[in-house]
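**Q** Listed below, chain by chain, are the residues.
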Amino acid sequence: MDVIKLMEKAIENEREAYNMYLEGAGAAEDPETRSIFEQLAKWEREHERILLDRLATLKLIRGSG
Amino acid sequence: MQRELRCTAVHYYYLLKEDDEDQQKIWSLLTSEKQAPQEPAMSLGLTQDANEPASRCRIIQRAAGEDVDYCLLVLPDLTAIEAIYKSSDAAEPESMWRELLARVDADRARVKKAGATIFGETTLLAAGVADGSDPTAILNSILDGRVVTSDLDPETFGENAALAHMLEHGHRGRDYYALETDNVDLFLSGAFPRMDAMVKKLGRVASHFGHQRRTIVEQRNDIDRQVSALLHQEVVSSASEATGTLELEQRITGLSRMFGILATDSLMVRQAEDRIALETGQLESALTDLLGVRAEARDEIGRHYLDVFKSDLEAASSEARRLDFSRGNAQAAIEVVRTQVELLRAGEEAAIQEQSKQLLSRSLVLQKERLSLQVAAGFVEFVLVFYYVLKSWEGIAGVVTVEHNSPVLLLLIIGGFSASAAVGTHFLAQALHKQTWKNLGLWLSVTVLALSFSAMVILTIVNK
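First to last, the protein sequences are chains H and Y. Sequential numbering from 1 applies to the first sequence in our numbering. Sequential numbering from 1 applies to the second sequence in our numbering.
Hints are not guaranteed to be accurate.
[Claimed, not checked] Within a straight-line C-alpha distance of at most 25 Å, the following computed SDA-like cross-link-like pairs (lysine to any residue) qualify:
| no. | chain 1 | residue 1 | chain 2 | residue 2 |
| --- | --- | --- | --- | --- |
| 1 | Y | K438 | H | K9 |
| 2 | H | K59 | Y | G424 |
| 3 | H | K59 | Y | K310 |
| 4 | Y | K464 | Y | R345 |
| 5 | Y | K25 | H | R54 |
| 6 | Y | K17 | H | I50 |
| 7 | Y | K25 | H | E38 |
| 8 | Y | K112 | H | P31 |
| 9 | Y | K112 | H | E8 |
| 10 | Y | K310 | Y | A297 |
| 11 | H | K59 | Y | T215 |
| 12 | H | K42 | Y | Y387 |
| 13 | H | K9 | H | I50 |
| 14 | Y | K438 | Y | V457 |
| 15 | Y | K112 | H | D30 |
| 16 | Y | K112 | H | R54 |
| 17 | H | K5 | H | E38 |
| 18 | H | K59 | Y | S266 |
| 19 | Y | K464 | H | I61 |
| 20 | H | K42 | Y | H208 |
| 21 | H | K9 | Y | K25 |
| 22 | H | K9 | Y | A116 |
| 23 | Y | K112 | H | A41 |
[Stated by the list, open to error] Examples of chain Y residues toward chain H, derived with CB under 10 Å:
| no. | residue |
| --- | --- |
| 24 | L15 |
| 25 | K17 |
| 26 | E21 |
| 27 | D67 |
| 28 | V74 |
| 29 | D77 |
| 30 | K201 |
| 31 | S207 |
[What the hints assert, rightly or not] Here are some, though not all, of the chain Y residues that point toward chain H, as calculated from beta-carbon distances under 10 Å:
| no. | residue |
| --- | --- |
| 32 | L16 |
| 33 | T117 |
| 34 | F119 |
| 35 | G173 |
| 36 | F209 |
| 37 | V385 |
| 38 | H433 |
Calculated directly from the structure, the hints in this document are not laboratory data. By construction, the Cβ of each residue, glycine as well, lies at the ideal position given by its N, Cα and C atoms.
Model the full assembly from the supplied sequences, consistent with the hints where possible.
**A** What follows is the structure in C-alpha cells.
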C-alpha cells in the first residue's frame, strides 16, 4: 500500500476516533467521564494534526523530488 | 503599481500546489465580499533570468479592496495567498499595528473555520524606512521571543532596509517578520515569499528527515547491540562451543537481514543528506539575492537558518558514517560466524572421514568372514549334493549298475555335478541380483551340470 494512501486512511481513523470521543463526552453522565473523553478527543486531534503535517511534507518531497 | 507603504501587515497562507480545492476555498472566502478582481498579468522576482523560471514568484490572481489587497502567488513548490492589510493614516503607530494584526487574525480565524489544510503561515509587518513606526518594536511588544535582523540589499531595497525575524515565539506553524524598506512591492510579492517558502519547505523536509533519522538511530542502536552481543558470544565467550552448524547458519541469516536494513537505512540517510544539501544551497542563494553580498552587513536571519539546516546536514552525515560503521560490524560478524561454520564443517568432515575409515575396515573384516563362510557353505553344499546325487543315482539305477563304473570316473562325474551345482547356485544368485543372464560362470556351470547328468544317464544305459 502506498504510504500516502496509508496516511490518509490513518487521518480518517483519527477523525473518526475524535468524533467518537466527542460524542462520548456529550453523552457522559458525570464530569469525570466527560473530562476523560475530552482529553482523548484532544489527543486524537493532535494525532490528526501530526499526520496532516507529515502527509503534507511527504507530498512536497515527492512532488518536488 | 505603487502600494501604500505606511504600516502594512501582510499575511501569507502557504499551500501545497496540489491542494487546489483548499486554495480556491481560502481565496473565495477572503475575496468574496469586498474585492473586485484585478489584472493578474504581473511577475515579480529578484532573479529576472528567463531561463530560470523555477526561481520566480508569479502573481496569477489579484483582488483589491479599500484597505486590503489579495494576491495568489505561484512559487517553485508551493502556492501562497498573500493578504496585504493597509493602515489608516490617522491612527497612532502602536494601535495601528495592533488593529492590523487584529484584522489578520480575524481573517485567519475564518480560514481556520473553513477547515483548509495550510502548509505554513507568516505574518510580516512592513513599514517605510523613514516612517519611524518601528514594526520590530511592535513584534517585541506582542510576542515573547528572540529577534534576529538582516540588512537588505540597498541596491534593490533602498538604504537602511532591514528585515527582522522573531524566533522561538511559540506560535507553531506561524512565523513573524518585521520589515523596513522603501521598495515594499518587490519585497512582498516576490523576494520575500520565495525565501520564506524555501525556509518553510526546508524546515519541514529537515524535520521529516529528522524523524526518519530518529527511527533509523533506534534501529541501528538495536542492531549494534545484537551484533555486539553476538560477537561477544562467538569470540569471547565459550558458550558457542555447543552450537551446531544449523544454528550458526540461522545467525548468518539474521545478520544478513540486519546488514540489509543498515544498507537501506544508509541509502535513505544519504538521500536525505543530498536533499538537505541541495535545498540549503538554494536557500543560501535566495538569501544572497535578498540580502546582497556585503561584508559589513548584518545577516542574523541567514546565519540562523543556515546554521539550523547545516546542523541537520551534519547530523545526517554523521548518521551516515555511523551506519557505515555498523554495517562494517555486521559484515565482520557475518565473517566471524561464517568462519566458525567452516571450522565446524571441517571438524565434522574429519569426524565423518574417521567414521568412514572405521566402517571401511569393519566392512573389510566382514567381507573376509563372509568369504570364509561362503567357502564353508560351498563345501558343505558340495558334500551334500555329492552324497545325495550318488544315493539318488544308486536308487534309480541300482547299486550294482553304479558300482560297475570305476571309482575315479564316478568321482569325476558326481564331483563335477556337485561342484557345478554348488558354483552354479552362486552364479544363479548373481544373475538374479544383476537381472541379467549374460553370466559366463552360470552358463559354464549349467554346461558342466548338463554334461555330468548326461554322463550319468549314458553310463546307466550302457551298464544295464
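**Q** Compare the structure with each hint and give your call.
**A** Results for each hint:
1. A distance of roughly 80 Å separates the Cα atoms of K438(Y) and K9(H); the hinted pair therefore is violated under the 25 Å criterion.
2. Between K59(H) and G424(Y) the alpha-carbon distance is near 91 Å, which puts this suggested pair outside the 25 Å criterion.
3. Restraint check: the Cα-Cα separation between K59(H) and K310(Y) comes to about 23 Å, which is no more than 25 Å; the hinted pair holds.
4. For the suggested pair K464(Y) and R345(Y), the alpha carbons sit about 79 Å apart, so the restraint of at most 25 Å is broken.
5. This hinted pair checks out: K25(Y) and R54(H) have alpha carbons roughly 22 Å apart, not beyond 25 Å.
6. Note on K17(Y) and I50(H): the hinted pairing holds, with a Cα-Cα distance of about 20 Å set against a maximum of 25 Å.
7. Our distance criterion of 25 Å between C-alpha atoms is broken by K25(Y) and E38(H), whose separation comes to about 30 Å.
8. Proximity of K112(Y) to P31(H) is assessed by CA-CA distance (about 29 Å); at most 25 Å being required, the pair is judged violated.
9. Restraint check for K112(Y) and E8(H): satisfied, since their Cα atoms lie roughly 20 Å apart, inside the 25 Å limit.
10. Among the hinted pairs, K310(Y) with A297(Y) is consistent with the structure: their alpha-carbon atoms are about 21 Å apart, no more than 25 Å.
11. Between K59(H) and T215(Y), the direct Cα distance comes to roughly 20 Å. Compliance with the 25 Å bound is thereby established for this hinted pair.
12. The straight-line distance between the Cα atoms of K42(H) and Y387(Y) is roughly 112 Å, outside the 25 Å bound, and the hint therefore fails.
13. About 14 Å separates the Cα atoms of K9(H) and I50(H), which keeps this hinted pair within 25 Å; it holds.
14. Straight-line distance between C-alpha atoms of K438(Y) and V457(Y) comes to about 29 Å, which puts the hinted pair past the 25 Å bound.
15. Restraint check: the Cα-Cα separation between K112(Y) and D30(H) comes to about 32 Å, which exceeds 25 Å; the hinted pair is violated.
16. The hinted pair formed by K112(Y) and R54(H) meets the criterion: a straight-line CA distance of about 19 Å does not exceed 25 Å.
17. Taken as a hint, the K5(H) and E38(H) pair is broken in the structure, with Cα atoms around 28 Å apart against an allowance of 25 Å.
18. This hinted pair checks out: K59(H) and S266(Y) have alpha carbons roughly 22 Å apart, not beyond 25 Å.
19. Using a Cα cut-off of 25 Å, the hinted pair K464(Y) and I61(H) is violated, with the two alpha carbons roughly 120 Å apart.
20. With a CA separation close to 23 Å, the supplied pair K42(H) and H208(Y) stays within the 25 Å bound.
21. Taking the CA atoms of K9(H) and K25(Y), the gap is about 23 Å. The hint holds against a cut of 25 Å.
22. Between K9(H) and A116(Y), the direct Cα distance comes to roughly 18 Å. Compliance with the 25 Å bound is thereby established for this hinted pair.
23. Pair hint K112(Y) plus A41(H) holds up; C-alpha atoms about 19 Å apart against a cutoff of 25 Å.
24. Given the 10 Å rule on beta carbons, the hint for L15(Y) holds: about 9 Å separates it from the nearest Cβ of chain H.
25. The interface hint given for K17(Y) holds, since its Cβ lies 7 Å from the closest Cβ of chain H, which is under the 10 Å cut-off.
26. At about 14 Å, the closest approach between the beta carbon of E21(Y) and any beta carbon in chain H exceeds 10 Å, and the interface hint on this residue is violated.
27. At its closest, the beta carbon of D67(Y) sits 32 Å from a beta carbon of chain H; the interface hint therefore is violated under the 10 Å criterion.
28. With a least beta-carbon distance of about 13 Å to chain H, the hint placing V74(Y) at the interface is violated under the 10 Å criterion.
29. The beta carbon of D77(Y) comes within 5 Å of a beta carbon in chain H, closer than 10 Å, and the hint placing it at the interface holds.
30. Interface hint status for K201(Y): upheld, as the beta-carbon distance to the closest one in chain H is roughly 6 Å, under 10 Å.
31. Given hint, S207(Y) at the interface with chain H, holds; its Cβ is 7 Å from that chain's nearest Cβ, closer than 10 Å.
32. For L16(Y), the interface hint holds, the least distance from its beta-carbon to any beta-carbon of chain H being 6 Å, beneath 10 Å.
33. Because the closest C-beta pair between T117(Y) and chain H is about 6 Å apart, less than 10 Å, the hint holds.
34. With 10 Å as the threshold, the beta carbon of F119(Y) comes within range of chain H, its nearest partner Cβ sitting at about 5 Å, so the hint holds.
35. Annotation: interface hint on G173(Y) holds; nearest CB of chain H at approximately 8 Å, less than 10 Å.
36. Satisfaction of the interface hint for F209(Y) is found here, the shortest Cβ-Cβ separation to chain H being roughly 9 Å, below the 10 Å cut-off.
37. This hint is violated: V385(Y) has a C-beta 86 Å from the nearest C-beta of chain H, more than the 10 Å allowed.
38. For H433(Y), the interface hint is violated, the least distance from its beta-carbon to any beta-carbon of chain H being 65 Å, above 10 Å.
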